[in-house]
Amino acid sequence: MSVATPPRAPASPRVIYQQPELLSETSTRYCPGCGHGIIHRLIAEVLGELGLGPRTIAVAPVGCAVFAYDYLLLDFVEAPHGRAPAVATGIRRVRPDNFVLMYQGDGDLAAIGTAEIVHAAARGERITGIFVNNGIYGMTGGQMAPTTLLGQRTTSSPTGREASLAGYPIRITEMLAQLPGTAYAARGTIIDPSSVGKTKAMIKRACQVQLEGTGFALVEILSNCPVGWGLTAQQSMDHIRAEVIPAYPLGVIIDRGKRAVAPTSGGEG
Amino acid sequence: MERSVIFAGFGGQGLLFAGQALARGALEDGLEVFWIPSYGPEMRGGTASCTVIVGDEPIGSPVVDRFDAAVAMNLPSLEKYGPRVASGGLLIVNASLVEETARRPDIDELHIACTELAGEAGDDKLVSVVALGALVGRLDWVTADAMEAALREIVGKKRSAALAADLAAFEVGLAVGRGERLEVAAASR
Amino acid sequence: MTVMHGTSERRAGARRARVLMKGNEAIAEAAIQAGCDAYFGYPITPQAELLEWMARRMPELGRTFVQAESELAAINMALGAGATGARVMVSSSSPGISLMAEGMSYMAGSEIPVVLVNVMRGGPGLGSIQPSQSDYFQAVKGHGHGDYRTPVLAPASISEAVDLVAHAFELAERYRTPVFILADGTLGQAMEPVELRFRTPERRANDWALTGADGRPPRVVKSLDLLPENLERHNLALQAKFQEIARREVRWAGQQLEDAEFAIVAYGTAARVARTAVARGRSRGIKVGLFRPITLWPFPERELARLAARLRGILVVELSAGQMVEDVRLAVEGRCPVAFHGRMGGMIPTPDEVVEVLRSFQARVGRRARRKALLPLPAESKVEPPSGNGHGAVDRAGWAPVEPVEPSEPVLAGGHRRRLREVAR
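Chain order of the listed sequences is A, B and C. Count the first sequence with our numbering and you get residues 1 to 269, in order. Count the second sequence with our numbering and you get residues 1 to 189, in order. Count the third sequence with our numbering and you get residues 1 to 425, in order.
Simulated from the structure, these hints should not be mistaken for lab results. For each residue, glycine too, the CB sits at the ideal point set by N, CA and C. Errors might be hidden in some of the hints.
[Stated by the list, open to error] A few chain C residues that face chain B, going by a derived Cβ cut-off under 8 Å, partial list only:
#	residue
1	Pro46
2	Ser157
3	Pro193
4	Arg197
5	Thr269
6	Ile348
[Claimed, not checked] Counterexamples of contact, computed for chain B against chain C with all Cβ distances above 12 Å:
#	residue
7	Glu79
8	Glu120
9	Gly156
Given only the sequences and the hints, what does the whole structure look like? Please build it.
The following block contains the structure:
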């Protein structure tokens, strides 16, 4: 509902904006102001531009984006919570010619699915992962996630996350970048048109990395959860700028280019 | 008619191999056979054993109440399996390591200096092959021809040099089992 | 002692196409010959040789082998591969199967075919690595969460395991369902002659599988549906499928049941012990036969019920505290007395032990039959309020009177009951 689907552009000399072909007409069930819709659109645009739609097999996560298969016109399989990298591995290994995309949230990827993401990356699976980090378990009611900032209030850290009780936020993309199997790791956000453009470029690069066959590729996207955070959409974007980005710096963490998987050193993340 | 034997001793004495060779010999003879090892951590150097059941019909129970024969390659095996040999059955004891007897006048107990005999055949590590030869020589379960074919099949594939030693060790044991050699300390009977 | 050299009769039948194979390896090779495209596993005793065989053979054939980081990952790799229509197998042993429960539920719900081999070991917990049948409930009663069933095939020999692997793939693909092969440490670790009669089931047209939405609408393989009406419809469709499986796919084997007064009901390794016990019991004058379920689900309940009507008693033998016996009692519905003998923790009853239990059961059934003739007619039942003492004569709904369990029922025989008493002290 939140992502306004713009009308198809009228015939004009130059189309500057239209609905991506891979994005369905279905209204999303995301809360107003939620970032998932923007990220879905970026994926649809990139896959369309690279002509990958007909080749893609995508893995849907558990969480708010569980209905990704309703919004993206791709073959989809639903994975149990945290297991998307294992599911994607299974697809990858038996369908070498397909493009394999997975979409995970932060609880999914950085808590329950830590083993699966680490080992998919360690194996250098030719998979492109989109990792949406909004610092919260949105679907279940806004509980603390492994990425929740210190001091951040959630329904399961009502007085704010305390390191003595709940440990520290995990920068898992930096961790994964250490692995020789990770060919590309980057962190973007969607708080303004400029950052959306940069994030799209990261997604595109992460897809190209899979096509080049150099290893595992992951784009972490700092996103928002206005309802879970108790903020308006605009406030939530401001919050990302002021609080989240300092904890999770933006940029390309590693791009091993076209070098083969398993370089001699342990990594340069 | 099912007949069962347990090969027991230390890990590394070649017991599982001897059992497998017997199983393959039975296969060569067109018999039904079942081979089951003791498995788990103990296979790395502790005690080891395997049971072989031979029959004319598909084998039923994988566990037996009494063994028709037992090969005890060390003292713990003698103590554990000596009492479980069926009356009238055969017990082969590795006399190179074990001086004790089962004190079972109701069974056929053969004490064989396996290490020395294996050394004579060319490799003193092949103690279980000597015992296997004795077992086959003593009992009419599997033919000597089939056993030879089995050893060729198992050993010959990978190491032709080792095959000669295995065949020699088997022949020595076979002769002992048939009573053609006297290095047998018949503890009872 | 003279040694008889091999007779010619013996040699005559020797050259059947048989090879000596370890159970784990035979199951793996059977899967390969059945056209298994992908195998995912994690090392665990006593099934490690299955993984090792796949590790060597699958890459040789250009097929997929992945040693996963856990059984959780292995089953989910199978989920992903299976969703593309590939022929997929996973294997593990009891603790690893517990970890796979989540994936199995998802695959049952998403209707993704997979063959799962459980080489059972003793539990609960880490338990032991010795053979056991204590995962019957787990395999037969659902395994993961949700209303679903999985066909469960229980081989009693390595040759049968080879046959059932191909059959398992057929069932998995025909019904789009996970299928269990329930073996145990004995079958996995033993070697037996295997007839080389491998089969490759025909491939079906997978009009549901994910291959990329190229020139056709996108496909989604999923179990989620948040609309209760829709999810109930999906569940009803699943249940209809399970009913069809239950109707069509029952398998069992019998031995000397024609004139039997008693039957031993056992599967897998326990059935092998029972087979020897039946022969021994016959030689000691007990008219006993063997009823061996090959499909544990669907359970051969109609067949067993028909048999029970003509029997004086049924003895169930399991390597467990008594799991299948519950299904036997449900099938028999009191048509004849049902006794149980089980060993646990990796122990296997010997044939003589089973015959001994059978003899005492026979004696007890005889006494009971004589007593029955003297029993007075039952008094009219009256409904009593729930007693709440946990042993009550009224069930939870506070309605129908329930017969108290007869304490003399031989739930655990001989030494076991003794041992239990000792433990209880």
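Tested hints:
1. For the restraint placing Pro46(C) at the interface with chain B, the shortest Cβ-Cβ distance is roughly 6 Å, inside the 8 Å limit, so the hint holds.
2. A hinted interface residue such as Ser157(C) counts as satisfied when its beta carbon comes closer than 8 Å to some beta carbon of chain B; here the least separation is about 7 Å, so the hint holds.
3. The beta carbon of Pro193(C) comes within 5 Å of a beta carbon in chain B, closer than 8 Å, and the hint placing it at the interface holds.
4. Look at Arg197(C): its Cβ only gets to about 15 Å from chain B, farther than 8 Å, so that hint breaks.
5. For Thr269(C), the suggested interface contact is upheld, since its CB lies about 6 Å from the closest CB of chain B, less than 8 Å.
6. Hint on Ile348(C) holds. Least Cβ distance to chain B is approximately 5 Å, under the 8 Å limit.
7. Distance check for Glu79(B) against chain C: the nearest CB is about 20 Å away, which clears 12 Å, and the non-interface claim stands.
8. Distance check on Glu120(B): its Cβ is at least 21 Å (rounded) from any Cβ of chain C, clearing the 12 Å threshold; non-interface status holds.
9. The beta carbon of Gly156(B) is kept farther than 12 Å from every beta carbon of chain C, the shortest such distance being approximately 16 Å.
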